[in-house]
Structures are given as C-alpha cells and as structure tokens.
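Asker: Spelled out, the chains give:
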Amino acid sequence: MVSPGPDVRCAREHPEDSITGLAVVGGVSFNGGMTRWVLHLDMDAFYASVEQLTRPTLRDRPVLVGGTGPRGTVAGASYAARKYGAASAMPMSEARRRCRSAVVLPPRFRLYREVSERVFTIVRQLSERFEQVSIDEAFLEPEELFGADPGTVAEFVERLRGRVAGEVGVPASVGAGSGKQLAKITSGMAKPNGSVVVRPEEEKSLLSELPVRRLWGIGPIGEAKLRRIGVQTIGELAALKLGDVTSLLGQAHGTELHELAHGIDERPVTERAEAKQVSAETTFDTDRTDPAELTSEIVGMAEAAHRRLIASERAARTITLKVRDSDFSTISRSETLSSATTERDELVAATRRLAATAVSPGVPVRLVGVSYSGLTTAEQATLFQMPGNGEDEGVPHSPVTTRVAVLTTNSGQRRWRQGDDVSHPSWGHGWVQGCGHGRVSVRFETAATGPGRMRTFDSGDHELVAADPLDSLGTAGDSD
Amino acid sequence: MKIRLERDGLADAVAWVARSLPSRPPVPVLGGMLLDAEDGKLTVSGFDYEVSAQVGVDAEVETGGRTLVSGRLLADITKALPQRPVEITVDGSRVSITCGSSRFSLPTMPVEDYPQLPRMPELAGSVQGDAFSAAVAQVAVAAGKDETLPMLTGVRIEINNDQLTLVATDRFRLAMRELTWQPAESVEDTEVLVPARTLAESAKTLGGAGTTVELSLASSDGLLGLSGTTRRSTTRLLDAEFPPYRKLLPDEYSTSAVVDVGTLTDAIKRVSLVAERGTQVRLEFSENALRLTAGGDDEGSAEEELPVEFEGEPLTIAFNPSYLQDGLSALKADRARMLFTTSSRPAVIKPAGEDGEVLPGYLYLLMPVRMPG
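Chains as they are written, first to last, in UniProt numbering: chain A, 1 to 480; chain B, 1 to 373.
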C-alpha cells in the first residue's frame, strides 16, 4: 500500500567495538499490519567465541577449535582465523598451514551447550514461538512483532542482540524477514555481529539476484540440474513455469522450491522434534589393531555418548556400534534392550558385546563410534541397583575425573594437554596454554577476570588439578 | 548290541534327551546321544557338562551294549520312522536302524570319549508334577536373559521344611511362588539358584498330571537333580548371589484395585499398539474406573476405560505393557488384585478370587516406567 522506498540498501555499519551493526533493507514501510516476521539468530563463530569469552587472552586472536591430531578437523574458527582462509570442517592440518599464528584448542562441548542454553533462555523469554535448529542457531517469531513495521523489528532485533551480548557475552547475528528462508538468508548477510531486516516488498528483488544454491533444499544435484537449463539465480527459478520446475525437481519438492523462489514461505516456527539419537565417535590418529586398546576406545565412546544421553535427559533402548576399517569399509552392529535405560554400566556392557562381534581381529581400525537410539523420556525403573561389574570399580563416574583417568592411562607421563581446564589453590581457574619438557604453562583467567597472567609449573605439580570447564565461565553471564 | 522296541517309546525318549543337547557342541561327542541296552531296557542319555538328561524305555534286548551316535540325527530319524517296531544293531563302528522297510546306517562315535553322567544327588523331597511345572512357569517369566548378569538368569529355590519358595527377577519385575511339598527326612533348609531356562524346560517335560517329581540336591557339588517316573535330569547350579529381594516387597499400600484379567489384558494389547516400541501404557485408577492410555501426539494415541473395584488414593502409573501382560498371564487366575504405594514405587499383582479376595501363594512385583515430568 505504501510505495517502495529507495533501492535496496545493504549497507551495514560496523563500529569497531560494539554490537550495533544494523541495516534495514528497503526504506521505511508498513504493509497494512499483516506482515509475519520471522527472525533467525545465528551465533557468530560460536565455539571460537565461547573460547574467547572464557579465555580473554584469546580475544581478537585467531582461534581454531577442533581435533588436534593429524586427522582432526576444524569444528570452529574465529573470524581472525577465517581471514587467513581457515574454515569449519577443514582438516586441522590445512587450517594450521593457512593460519600459523592460530591457537588450537580441543572442543569443550559441555561448555558450549551451557552457553547455548543461556542464550536460548533469553531468546525464549522474548519469543514464545521458538525453534532451535542447532546448538548455535534458532528461529523465532515474536508475537509482539506481528504486523509491526521494519523499524520496530529492527529495534527488537537490537534489543535481543544486546541482551545476548550483555548477559552471556557472545556475539550473534540476526536476520529478519517474512519467512524462515528470508530470515536465514539475511542472518548470513548480517554476519558477523550485525543484523538485517528485509522489508516484504523488497524480498523479491533481494532473492532474485542470489544463486539458487542459497535456497533451502537445493544441493549440488539440484543446482546442477537447474544449471543445465540455464537457471543460476533464484530470480531465474521464479520465472520458470511451475510445471517445468516440478518435472525437473519432482512434484512436491519442485512446488515448494518454486514458492520459496517467489518469496512464499509459510513454514511455521515450532519446537523441533528432539534428536532421534545421541552418539560419539572418534577417528584415530593412526589406525588401531590392538584389541585391548580398541575396546578401551570403544568403551570411551560409549561413555561419551552416555554423557550426552544424560544431558538430553532421555533413556535409550538401542545401542549401535560403528567400526570403520582402514580401507573405509564400515561395520555397524546394534542391540536393542528389553527396555530403555540411562544406566551407564548397562550401555557399556551392551557396547562391549557388540565390540566382540564387530571388530575383526588384526584388521586396522580407523574410526569407532557408539550411538544410542530408541530414545524416550520414559525409563523402565529398576527394583534394585546391580552391584558393579568389577571392571569399572573404583573409577568415579563424574566426567572430569573419568577424563583424567583416561589421560593418565593413555599418555603415561604427559598429564596435561593444551586447552585443558585446571585450577590452582593460589591462582584459581586457568587453562593450559602450552606444555612439554616436564613443564606446563597455565594462563589463569576466566570470563569474569579479563586477560590473566601466565605461570609455568612443573607438570607433576600436585597443586595443579583438573577443573570443570564450566568454571571457566567465572560468574560472568551467570544469569541464573 | 542288538535290540528291538516300539517306535513311539523310542521316538519320545530320543526327542526328550535331544532337547537338552547343545545346538553347537564344543566337541563332537557332546552332541552325541548315549544308547545303553541292558536287562530289557534301553537307557538314552545326553550330557554337555551343564545339563544331563536320561530316560529309560522298555526294549527286547538280544545283546546288551553301549554306543554313541549323533543325537540330532537320531532324533530326526526316529521322529520320521513309520509306526512299526524298530530294530537297532551295532556292527563294528556303525549302527543300523531298521523299521518296516526303512533302513539307516549311522557312524558311531567313541563311547570312551563320552563324559560320565553325574550321579543323581541325594533326594531332597518330592512335589506333584503338574503343580511344580506350573509354579516354575509362573516364576521363570520374570527371570533375566542377559548372560552378563548371571545372578538374574536363575530361579532361586528356597527349601524351608515343607515349604518351597521359587523366586526370579530380571530387576524390572520379580515373581515369587510358594508351594508345599514333601521334604525328605534328611533335608535341611537351604537355597539354590538354578538356570531358569533349563529348569522351566525340565519341569514342563517331567511333570504331568498325577505324577510326582523328585528333587535331589547336592549344594556342595553345585547340582540339582529332577526325576519323574522314567526321566531324570541334572543341571548345574548358578554360582552367583541372588539379590536380597525380601526387602523389596512392600508391606503397605495406598491404593488397591481388583480387575478382570482377561478384560485388562485385551485392553492393554489394544492401547499399546500405539505405544512407541511398546514403551509404556499408563493406568489411571480412580473411583470405579480404570483408564488406560498410550502413545502421544507424535505417534498417535489410544485410550480405553474399564470397570474396576477400587479402594484408596487415585493414582496414575505407567508400565512396560509386555511386562504387565507377562504378570497378568502368570497369575493363572481370572481376577487380579493390584496394589500400589506411589507411581514411582513397585506395584504388586496377586491372583484374586470371585469376591476379590487374594489367593495366596503367588505375587508379581513390577517396577513402573518413570513418567516424564
């Protein structure tokens, strides 16, 4: 009803030190109170940001999070590291080559989950309609924004980003549009640490220039099919007849993509069904053949998956063990229990039984993984506890101490590795910044302290003990 | 050895011994069946160091002797023989079986390599065959099948003067049966743990109406013997500690209900069709009605209401539907009394009579499924 404003303006401000990169695409407009506003919140370089939050020395520095062994991959890279060409999912060795100054840290998923929960607690407070996509991404559709004008949306978005940055301490980018597709595309445009609100009338022109690959549901195959008939942009896809699209991409899929290309996106924002399984897997630095060693690795994965099961607050009924040989042939074996359980010993025992059938003696193994499925919140309770089965007796079950036990048995003298959380009675909480030659250098700092001092110890120093990664949050951002 | 005997007697005897033979014998002779002919009788035996089975059958013995043949093969052959007298002759290293116009020739295995069957332990007492097999079946249903928890794969037999108590639990449910028996004079009070599967199998095939089953026990040798009129078996006891279960039995209840077993079983079967992977069925007890529900928004839901005689606090409790059905069918009664304390504590199910009175001797203790929230 109101004529469109000036041309699409994708300007974005990036003041050095703040979180106020805001752009409104299109001019000031209001379309009659019927606009639906979907927001997509995407944390910026989430894992690396959490590392920088809890280890302030790393702020503004290139940080790579991921497996540190020869076959490790990058799980997260800070923006400073990305400037050198490092990226997520890249082999760690490649990322290190590109960015030699980067600090490489093993992931601390429990901490990331905690920070993620804090962020989404804020988001839920601001919007009842909420859909978490992953640990660092969510859609929201705040009721108060229904029919609002883009300026109001932009204010809301900045309030949201401000609260996340202020109360949790990590940066987030937000995109807003009339549907999930637009919100997702605009949050990508807003990165890093910015926001973009796209006005309904401008959606089409914004979409039309983008490559078709940016549409949800178009992967390499769909892209190749479309390119063969000369379609490269979303605008060109929208210009096709519906019949042509469906004959190329299938009836249901083609129809949906054609609508999306036209900016029609009515998919609701709703809580997602919970994950169907929890799992843990590891790729070895060098192939393993020793049965005892393999079993202990498999049990380690069963325990790691169990911690995730507990975190998901569910019980599992089916245990699946995956073993990949050095020639990449993969064997999966699974067992279904008579009822779902959260008991570690029972899950580990089942995994051991599977290991006996899945691992062929003498075959070099490259990867092992354990997953639990048949997840349910209803757990068959037991009449009594089974006494320990002997093998695990004496080993406490808390994740931290288990980790230490594994480290000491696996690596003998080398007690610490870079990135470990430690604590010292005099200096407090810190992290291992370097170690070797019987010495360990610890940076004592948390999210609450600001950059801290480094101190060096003898690696056998008894005052230095393993600490809970969650302690690195200090008290900052402790919203509860 | 040269003998002649009735086809049915032979086939039954061989089939019974064959069920206790290992399906994959660790050494070939343990898959064998020992035939021993003497004094107008053929004795058929099998033994795999865990379980032994022996049965005697009348035969015309022309020449006595012993031979060892593949048990599986002998069972298949005798089952298929026509309804005619059977002649078994050992000639050197082969045994020939002739019946009507059929003739089989089997290789024998070295008898001297076959282990000595354990001697039957000392008699502990005797019990009515049908009562014993029914009692074992009522209890074995709750035994565990997980071999990594051996103490839960057995049935505990407690001897207390003229009272026998059988108990089994897989830690999700527990079944207990008490019955009277005739103890032998010398028997002392004791308790043993017997592999549930073997015990259930032996009890079923030994105990018929009107028969008596004798239990013999040698705790020091770790052996239980069971014998009927012509059949006897031994089984190795489990050397494991049964969990202390008496303290699990609740002594007071806040809610009590009497239900019709058939009606409730049918209703559980129906509503649990939508219970995802059979995980849980919820029971809501209130004044004069029992409401069953299962499933949820995602997988579909079902509900059904049945009449119930109810006393006490209204209660909602969830169970694994197959465990609940196991318990109801093990009652061997048309009515059941269900007793509860809270929705997170074990429930007790007992057989009940026409007026809802508890029929003594059996209980099924079932742990509920934890409900979310």
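Simulated from the structure, these hints should not be mistaken for lab results. Check the hints yourself; a few may be wrong.
[What the hints assert, rightly or not] Examples of chain B residues lying across from chain A (beta carbon under 10 Å, computed):
#1 Asp-170
#2 Arg-173
#3 Val-261
#4 Gly-262
#5 Leu-315
#6 Phe-319
#7 Ser-344
#8 Leu-366
#9 Met-371
[Said to hold, decoys possible] Simulated crosslink set (DSS-like; lysine-lysine; CA at most 27 Å straight-line):
#10 A:Lys-276 with A:Lys-241
#11 A:Lys-241 with A:Lys-204
#12 B:Lys-79 with B:Lys-145
#13 B:Lys-247 with B:Lys-350
#14 B:Lys-145 with A:Lys-322
#15 A:Lys-276 with B:Lys-332
All figures in this text were calculated on a predicted structure; none of them were measured in a lab. Backbone N, C-alpha and C define an ideal beta-carbon position, used for all residues, glycine too.
Asker: Indicate, hint by hint, whether the structure satisfies it.
Answerer: These are the hints, each one checked on the structure:
| no. | hint | verdict |
| --- | --- | --- |
| 1 | Asp-170 | holds (8 Å) |
| 2 | Arg-173 | holds (8 Å) |
| 3 | Val-261 | violated (22 Å) |
| 4 | Gly-262 | violated (25 Å) |
| 5 | Leu-315 | violated (16 Å) |
| 6 | Phe-319 | holds (9 Å) |
| 7 | Ser-344 | holds (7 Å) |
| 8 | Leu-366 | holds (9 Å) |
| 9 | Met-371 | holds (6 Å) |
| 10 | A:Lys-276 with A:Lys-241 | violated (38 Å) |
| 11 | A:Lys-241 with A:Lys-204 | holds (17 Å) |
| 12 | B:Lys-79 with B:Lys-145 | violated (31 Å) |
| 13 | B:Lys-247 with B:Lys-350 | holds (18 Å) |
| 14 | B:Lys-145 with A:Lys-322 | holds (25 Å) |
| 15 | A:Lys-276 with B:Lys-332 | violated (40 Å) |
When the structure is compared with the earlier hints, violations turn up for hints 3, 4, 5, 10, 12 and 15 and for no others.
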